[in-house]
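Colleague: Here's the letter readout for the chains.
There are 4 protein chains.
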Amino acid sequence: MSKPDNLPEMEYRFLGRSGLQVSAISLGGWLTYGGHVDREGTYACMKAAYDCGVNFFDCAEGYAEGESEKVMGEAIKKYEWKRNDIVISTKLYWGDAFSNSKVNNRGLSRKHVIEGMNQSLERLQLEYVDLIYAHRPDRHTPMEETVRAFNHLINTGKALYWGTSEWNADEIAQAWRYADKLGLIGPVMEQPRYNMLERIQVEREYAHLYREVGLGLTVFSPMRQGILSGKYKNGIPDGSRFAQTQVEFIAGFWKQTGKAEFQAMADTVSKLEPIAERLGVKQSVLALAWVLANPNVSSAITGASSQAQVYENIEAVRAYKKLTPEIMKEIDEILNNKPPTVTMRY
Amino acid sequence: MSKPDNLPEMEYRFLGRSGLQVSAISLGGWLTYGGHVDREGTYACMKAAYDCGVNFFDCAEGYAEGESEKVMGEAIKKYEWKRNDIVISTKLYWGDAFSNSKVNNRGLSRKHVIEGMNQSLERLQLEYVDLIYAHRPDRHTPMEETVRAFNHLINTGKALYWGTSEWNADEIAQAWRYADKLGLIGPVMEQPRYNMLERIQVEREYAHLYREVGLGLTVFSPMRQGILSGKYKNGIPDGSRFAQTQVEFIAGFWKQTGKAEFQAMADTVSKLEPIAERLGVKQSVLALAWVLANPNVSSAITGASSQAQVYENIEAVRAYKKLTPEIMKEIDEILNNKPPTVTMRY
Amino acid sequence: MSKPDNLPEMEYRFLGRSGLQVSAISLGGWLTYGGHVDREGTYACMKAAYDCGVNFFDCAEGYAEGESEKVMGEAIKKYEWKRNDIVISTKLYWGDAFSNSKVNNRGLSRKHVIEGMNQSLERLQLEYVDLIYAHRPDRHTPMEETVRAFNHLINTGKALYWGTSEWNADEIAQAWRYADKLGLIGPVMEQPRYNMLERIQVEREYAHLYREVGLGLTVFSPMRQGILSGKYKNGIPDGSRFAQTQVEFIAGFWKQTGKAEFQAMADTVSKLEPIAERLGVKQSVLALAWVLANPNVSSAITGASSQAQVYENIEAVRAYKKLTPEIMKEIDEILNNKPPTVTMRY
Amino acid sequence: MSKPDNLPEMEYRFLGRSGLQVSAISLGGWLTYGGHVDREGTYACMKAAYDCGVNFFDCAEGYAEGESEKVMGEAIKKYEWKRNDIVISTKLYWGDAFSNSKVNNRGLSRKHVIEGMNQSLERLQLEYVDLIYAHRPDRHTPMEETVRAFNHLINTGKALYWGTSEWNADEIAQAWRYADKLGLIGPVMEQPRYNMLERIQVEREYAHLYREVGLGLTVFSPMRQGILSGKYKNGIPDGSRFAQTQVEFIAGFWKQTGKAEFQAMADTVSKLEPIAERLGVKQSVLALAWVLANPNVSSAITGASSQAQVYENIEAVRAYKKLTPEIMKEIDEILNNKPPTVTMRY
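Protein chains in written order, with full-length UniProt numbering: chain S, 1 to 346; chain Y, 1 to 346; chain E, 1 to 346; chain V, 1 to 346.
In case anyone wonders, no lab produced these hints; they're calculated from the structure. Keep in mind that this is a model prediction, so the values were computed, not measured. Heads up, none of these hints are tricks.
Since the list gives no way to pick one copy over another, a pair counts as held whenever it fits inside one copy or between any two copies.
Derived lysine to aspartate or glutamate pairs resembling EDC-like cross-links, with alpha carbons at most 20 Å apart:
1. Lys322 x Glu11
2. Lys181 x Glu144
3. Lys82 x Glu65
4. Lys158 x Glu127
5. Lys322 x Glu333
6. Lys102 x Glu11
7. Lys82 x Glu122
8. Lys271 x Asp332
9. Lys102 x Glu9
10. Lys102 x Glu80
11. Lys181 x Glu212
12. Lys102 x Asp51
13. Lys233 x Glu277
14. Lys82 x Glu67
15. Lys102 x Asp85
16. Lys82 x Asp96
17. Lys3 x Glu40
Work out the full structure, taking the sequences as your base and the hints as a guide.
Modeller: The structure is reproduced here in structure tokens:
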């Protein structure tokens with residue numbers, strides 16, 4: 001499948017207060033690359049994304065037991081992309097797949113941060129990553145140990161910037177506290193879940209951090225695992241090769257939230273359909289565009305499993321500019337989950 | 001000898017306040033590996049321990065003139081253990097064996113810390129150790145020089161954590177004072193002697209340090225070199241291949257403590273026999289379990305010289321949970337050496 | 001062409017407050033080496049300069065899309081100059097030529113500073129440069145990120161000193177503020193444009209910095225791209241191989257300043273002719289000498305495109321000593337652009 | 001010549017407050033090794049010294065234009081001495097021999113400190129030296145630049161300790177001031193000239209530094225270039241292979257001090273002869289012993305040009321213990337140059 005003619009030009013945003021620029025749409029390997037998308041499929045998605053101006057590719061040691069990193073690394077090599085043209089990330093926390101032991105291969109101890117990084121770089125066939133994330137907070141390891149360990153990665157040239165994923169605001173503030181105290185580098189970005197249905201952390205909890213430490217966001221799950229595309233409004237579509245996976249996914253979801261809540265979400269999503277139609281975009285594009293409309297979002301990480309999906313996602317770069325204050329208000333009324341504004345007076 | 005079926009599952013403990021986890025029972029090379037236990041015997045003990053979940057193997061440059069490190073390094077290679085699954089330590093202070101000169105190869109000068117580390121890593125065939133210990137305090141080297149030298153090892157990737165062995169509480173506090181002043185990393189663990197007969201340092205002297213710096217303990221000599229197993233209550237057992245060594249050992253002991261004191265200890269130990277019987281464990285297991293019952297102990301380093309002994313030691317992981325407050329009180333009354341509690345009010 | 005007999009001995013000056021000495025006249029690659037001067041021509045100029053005592057050769061990643069660095073690197077190799085005898089600089093900011101992407105290859109983010117440095121060293125075939133410049137201020141990257149990135153280059157041995165080019169005085173002061181706060185190394189030199197027609201930044205704006213941080217200056221464009229040589233007083237000379245380039249240059253200049261302003265400058269320059277004649281030097285030598293007469297100038301970077309020009313420039317080392325206070329006053333009256341003196345009272 | 005039977009055992013002293021131990025007598029390469037003593041002669045001296053327990057060998061980039069370092073490096077290799085058994089020093093300042101240029105190869109700029117160190121290590125065939133000295137103060141380079149550069153050598157593992165040679169007390173204090181301010185390592189030792197005839201710097205000027213920073217001394221010229229051996233009391237001895245050198249030496253000396261002053265020194269030295277005789281040692285041994293009697297001296301660097309001289313020097317280790325307070329007083333009365341005691345009250 002070749003690149004459509006009418007795609008918008010990619011937009012690049014600074015990663016929070018840092019001097020690094022990432023494409024507003026990026027590609028991530030969670031649940032897909034190295035997993036249920038095969039090698040050739042991954043290569044094709046990455047190539048399509050790169051050709052659309054995507055420069056940021058996101059990974060983690062924990063994705064598909066390291067396969068995700070391997071396949072991404074192979075694609076980078078295969079297409080001979082210049083290292084300085086791309087922004088590669090990975091995340092450390094769940095290194096259990098690479099061990100026989102139940103301990104020390106998970107979390108943010110100095111041991112796992114250093115050993116995990118070396119193993120990730122080997123799988124990626126890279127000398128360094130641009131971004132290294134602490135994939136979760138580790139409440140068993142002292143914050144100072146973790147802050148020092150990530151700075152060690154930066155000092156030894158194995159990573160250029162470090163950040164967090166799914167940390168609480170106060171944990172990020174604690175990390176900065178130790179960085180400041182010791183003259184070290186603090187976390188410049190956070191990777192939270194963010195979409196129309198899950199707003200509170202990005203819109204309220206982190207509010208002080210955008211101003212105080214210039215936190216950048218690379219958000220994942222912008223479509224709430226497909227729910228926001230509207231594809232579940234009539235149940236699970238048949239015949240698709242992912243049907244089985246989706247059955248399991250929804251079953252898992254139900255377990256988490258209850259069937260009633262899932263249905264309530266699907267209903268809300270249905271109400272967004274007319275807005276998408278009015279803007280002339282698919283519902284999935286609207287969902288992604290809505291995420292990009294938040295200026296604190298540096299990049300929305302998408303998990304496309306085909307070139308077509310990649311191209312579709314790129315549409316959001318144009319679509320989000322159509323989201324006028326009026327339309328945003330309309331959407332807020334449908335969603336009915338807008339957190340109260342945080343007022344900062346000090 | 002194959003692993004018994006009914007062994008308890010290994011327990012892992014954080015090394016003090018750090019994010020590193022070590023098995024509650026660990027294996028050390030003092031007086032054994034590279035010494036009177038031969039190569040094959042060492043390999044077998046290490047394999048048996050590893051198969052029981054032991055992840056921490058302790059060594060020192062001074063053990064068996066470096067042979068201990070060599071044999072341990074060979075075993076790690078032989079069994080192809082993953083580096084991230086194991087915690088390897090060594091200690092620097094007595095490097096005299098590797099020199100013609102009487103000076104600069106002993107102690108904690110920057111010269112010996114750096115040179116000793118490089119030589120240890122070569123013998124171990126490793127790129128780094130997890131833990132590096134200052135094997136004794138060096139009262140001739142300024143504390144600042146030593147703290148800087150161990151941090152140099154960490155910064156250059158040759159060690160992940162540093163600690164001390166048989167330092168006084170105030171020396172550890174001094175090391176932290178310099179670490180704090182210079183923004184460096186302080187010692188996270190201490191390796192003291194600790195057993196039913198030698199309690200004062202661990203239970204009283206270090207008390208402030210558990211709270212103030214989160215000091216972790218990897219204790220050695222949990223059976224007071226076998227005395228607590230009860231095997232000397234009727235004199236020295238015959239026919240064992242270690243008899244001769246033991247004769248010398250006890251002779252040495254007598255020189256240190258006097259024959260009367262040795263007998264007094266043996267008598268005390270005898271009184272513990274009924275308790276062990278009541279709990280259904282050997283006396284040696286009781287002694288080890290008693291050490292593990294102290295929550296400030298991260299790991300008890302054992303010096304098994306056969307697979308059977310390894311397996312026996314593992315029993316302590318289950319046994320220590322049977323040590324109720326009542327039994328602990330009973331033991332304290334027999335031992336009659338419990339230090340007064342330290343009350344911290346500031 | 002061989003070296004004339006009567007050239008003055010080179011003068012060396014400290015680079016601001018630093019302990020490094022650079023030749024008062026240096027050779028730079030802007031618009032010339034790797035560009036419209038061919039390989040052999042560049043080699044010849046560098047050799048001629050070196051033989052006259054020039055020890056400082058200036059370059060930038062952005063000159064001639066990297067060709068300038070390549071040709072300079074080849075010359076250093078070809079003539080087997082000892083690394084300790086020469087001072088090599090390059091500058092980072094415009095790395096766009098080495099990328100497909102529009103982002104992250106320009107500016108002073110940690111990513112570009114580190115990646116740009118590695119690529120420059122490869123082109124130069126050197127392990128390190130003596131001086132690394134931030135070629136422009138990057139107002140999108142936090143100053144702290146930039147200061148840390150340049151210190152990383154120094155700590156990893158890829159550069160010995162760092163500085164700025166065409167930064168504002170307050171930006172330089174901010175860089176020092178972060179360096180001081182973090183115990184890092186501040187920028188020791190600035191590379192501004194400085195000549196008889198452009199004086200305000202060097203003579204007024206930076207005035208506090210010479211005293212407060214000991215800023216050194218390596219100035220470029222000492223002849224205002226040839227205007228100060230007097231060669232444009234009668235229009236553009238014919239027949240020279242650069243005529244076409246010069247037509248474009250002047251056309252470009254006119255666009256920038258307006259034709260009237262260009263003519264006014266040419267008129268002013270004409271009035272300097274009698275002074276040059278009185279001193280027995282060419283007008284271009286007078287212009288360069290005037291730059292050297294400023295004691296805050298560590299080195300004047302010239303862009304000779306022939307050996308003859310190199311030798312001519314060297315004359316300025318002798319000529320500037322003839323610039324008595326009376327002659328300087330006469331020149332100031334002609335130029336009529338002397339900034340008021342900065343008085344520092346605090 | 002084989003080692004005499006009755007030589008005293010070597011004494012080792014801590015280098016000031018540091019944890020490093022150096023032999024009280026050491027061997028230095030000034031004016032000898034790589035110079036007028038040939039290769040085989042140097043090897044023999046070094047071997048003889050090593051066999052007597054000398055562990056400290058002193059060199060400098062400036063000695064014999066680098067030949068001194070080369071020959072010492074060869075001897076270390078030839079005799080296969082263990083690196084941890086010996087203490088090797090060199091000094092940076094006069095690197096002019098390794099350059100065509102008059103600038104940047106002398107002094108203590110970051111450029112020369114780093115480049116000079118790399119070149120010295122190459123000549124010595126070593127990965128690191130134990131001690132690196134700033135061979136003179138460099139009043140053109142800011143102290144902060146020099147302190148940072150020497151710390152860079154330590155951080156990159158090229159040297160273990162740094163110090164100074166012939167610096168003023170206030171310059172050493174300034175270096176410590178910057179080290180303290182920046183959390184860096186200060187100079188731990190100074191290498192001054194010290195002998196019976198030149199006492200003021202060691203005995204008075206540095207007095208505060210022994211207490212305040214624990215300064216160690218490795219003193220050179222303990223016999224004032226042979227004058228204190230008494231060999232010039234009757235003029236210059238004939239027939240020796242160094243006669244010609246000595247003629248020049250004394251001529252040079254005269255230029256420096258005047259013939260009268262030289263004669264006055266020779267007369268003073270003559271008066272020490274009876275004391276040497278009383279103690280049963282040569283006058284040269286008395287001179288060296290007198291230096292060792294100062295407890296602030298860590299090592300006296302001797303420049304023996306034959307094995308016999310090496311063995312003779314070792315005698316001083318025994319001889320200095322015979323210097324009772326009464327004898328010291330008698331010597332002071334002859335020398336008549338004892339500086340007043342420094343009283344420190346703050």
